[in-house]
Structures are given as C-alpha cells and as structure tokens.
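Chemist: The chain contents come next:
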Amino acid sequence: MAYKEQNKNIMKLTIPFYLHKVGAGFPSPATDYIEDDIDLNSHLITNAPATFIIRVQGKSMVNVGIYDGDLLIVDKSIDPRNFSTVITNVNEELVVKTLVKEKGVSYLTSGSKSISEKINLTENPEIIIWGVVTYVIHKQQ
Amino acid sequence: MSFINSSKKNKIALIDCNSFYVSCERLFNPKIINKPVVVLSNNDGCVISRSIEAKKIGIKMGEPYFKVKELVKKNNVYIFSSNYALYGDLSRRVMKTLKSFSEKIEIYSIDEAFVDLSHIQEKEIENYGKEIRERILRWTGIPTSVGISNTKTLSKVANNLAKKINQALYI
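Residue numbers (my numbering), protein chains in the order written: chain A, 72 to 212; chain B, 4 to 174.
This is chain A alone, in the form it adopts within the complex (with noise of 0.2 Å):
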C-alpha cells in the first residue's frame, strides 16, 4: 500500500449532485433537476486530519468487492463495527481485512468463510485497528 498525499492542496471538485437516487435497474428520467454540486472532499471526509487515502495492492480482499488499485478512505477517529472494513497490522505488514465479532471474540477475516484463515484477536494482541475503512473508491472504467 502507498501513503498518498493528501491535503496538501484540498481541491474543491464539484460536480452536480442529482437528487435522485439511482436505481440498480432502470436510471430513473427524473433525475433532470439539480439539488445542489457536490464536494467530493466534504461528502467522502468527516474528519480530515484522521483520515488518509490508502491504495490496495492484491487481491485478498476481492470477495468483499475490494480489487488490486483501488483507493480506500481510512478514517483512523472512529470505532469499528461488526463487518467493518479495517486497516491492521498483520505480520509486520498493513493489510486490509474485514472485522468479525463473534460470541463476543473479534477476528479478521479476508472474506472467506474458512475458520482456519481467520485471525483470532484475542489471541494477538499485538495486532492493532490501525483505521477503518468508511469509502472504496473502484474505477469501472
């Protein structure tokens, strides 16, 4: 993963934000009036000094929709819930995985559903949350 630089010069990007929702079918006609632009800065960032664009190298995480050159926003202020997604250190080494409480035990898991690939938090205590991921950002195209 590469530190990208961010910050340094905040962008103000805006692109006009439709306010209709688009449907995963059909896109809706209706979307031909305009709410408001938007930022892309200020919709994708809560607390800008806690949060760092991260880019994933691998495929690790490609089952819970998480490819090879994607760019993650990691917010390092908040707390992680059950199926977040999280920055950790494992071996030495920051990874993506995601968080899965059970029974009141917290593992990592790279969504796969085998046992023996989950990594029992409890029993390392030497990993650490190192952020959470709240944005994937995917290029389709």
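Derived by calculation from the structure, the hints in this document are not laboratory data.
The structure presented is a predicted model; accordingly, all values stated were derived computationally and were not measured.
Everything hinted at is true.
Label-pair ranges, simulated between beta-carbon atoms:
| no. | chain 1 | residue 1 | chain 2 | residue 2 | range |
| --- | --- | --- | --- | --- | --- |
| 1 | A | S113 | B | P67 | 43 to 49 Å |
| 2 | B | K133 | A | E194 | 25 to 31 Å |
| 3 | A | V161 | B | K77 | 27 to 33 Å |
| 4 | A | N134 | B | P67 | 47 to 53 Å |
| 5 | A | I109 | B | G48 | 45 to 51 Å |
| 6 | A | V171 | B | K102 | 35 to 41 Å |
Only some residues are given here: those of chain B computed to face chain A with a beta carbon under 10 Å:
| no. | residue |
| --- | --- |
| 7 | L30 |
| 8 | K34 |
| 9 | I35 |
| 10 | I36 |
| 11 | R96 |
| 12 | M98 |
| 13 | K99 |
| 14 | T100 |
| 15 | R141 |
Residues on chain A that point at chain B, a partial pick, calculated with CB under 7 Å:
| no. | residue |
| --- | --- |
| 16 | P120 |
| 17 | A121 |
| 18 | K147 |
| 19 | S148 |
| 20 | N160 |
| 21 | E163 |
Positions of the beta carbon are idealized from the N, C-alpha and C atoms, including for glycine.
Guided by the hints, dock chain B onto chain A, whose structure is given.
Modeler: Showing chain B alone in chain A's frame:
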C-alpha cells in the same frame, strides 16, 4: 505572532511529538515499530531523528552519518532519508487535531505547539492532557508528550519531565 502570554493564572501546555520523523516513518511501516530507527538530514548528512531504541544504542542527535555507520551495522538500525512531504502533512494533522481542543494554539515548530488551557480547572488539567495525547495518537498515529505550567518556559520543563514518565504532567 505570539498571543499566549505567560502569567501566574494561565495554564499553558506544550505538546511535543516524540521522535517525530521516526514516528511518521513508523505510521505506514509497522515493521520498524519497537526497533532502532534513525532519520537522516538532507543528502543523508546527519542524524536528525532517533527512536528510543536508537538512543539507547548510543546514536547521538546531529551526529554525521559516517560516524555512526559502525553502530548502525552492528545493531541493525533502520535508516531513512528524510521525507518532508510526509512530515509536513502529519504535522498539519497533529496541529489540526490540537485545534479540536482549543483555537488558542501557537505552532512553535514542525513538531511542537503551545496551547492555552487556562479555561481548564487545575484538578482536571492532567486528565485533559491525557485526552490530548490519546486523541492525537488515535487520529494521527503520532505519540506526543504534554507538559503544562503557568509559563511557556515552565511548560517546556514540564514537557521534558512528562517525556520521562510517559504521561501528561502539570507543574
């Protein structure tokens, strides 16, 4: 411009980042946590930041790199060239986090700032300092020391002592 004045009834905190450049390098590189780490100045001339582990080995602040090369080799010290874009970014984050406590802050250097905490009650103040440390660590990943006193000079002294006991200190 200085707007924080020293006076008996004031309470001024000095917040100082611990081994700042090393802490910045560690943020994205867990491999070098709890290991001796040194950051060198421009053109890799001199030692300008050392982790606690590097200090214990006997690497001195400001020493030219060629003089510590032997120590570095013998103890497997991790060496980094300075990356000021990274340090500048993290410094701004630390200062912004501080501003979430008080607008009255005076940035003293890339890794130090004075904050006016006169509005905080004396019996609450070390706890408040603890909260400052925790929030900065949580939000930015940078460990800090917090020293509080009535004047800037005394808060610098308090900070020095705070560093030794690893907790916020009011004197």
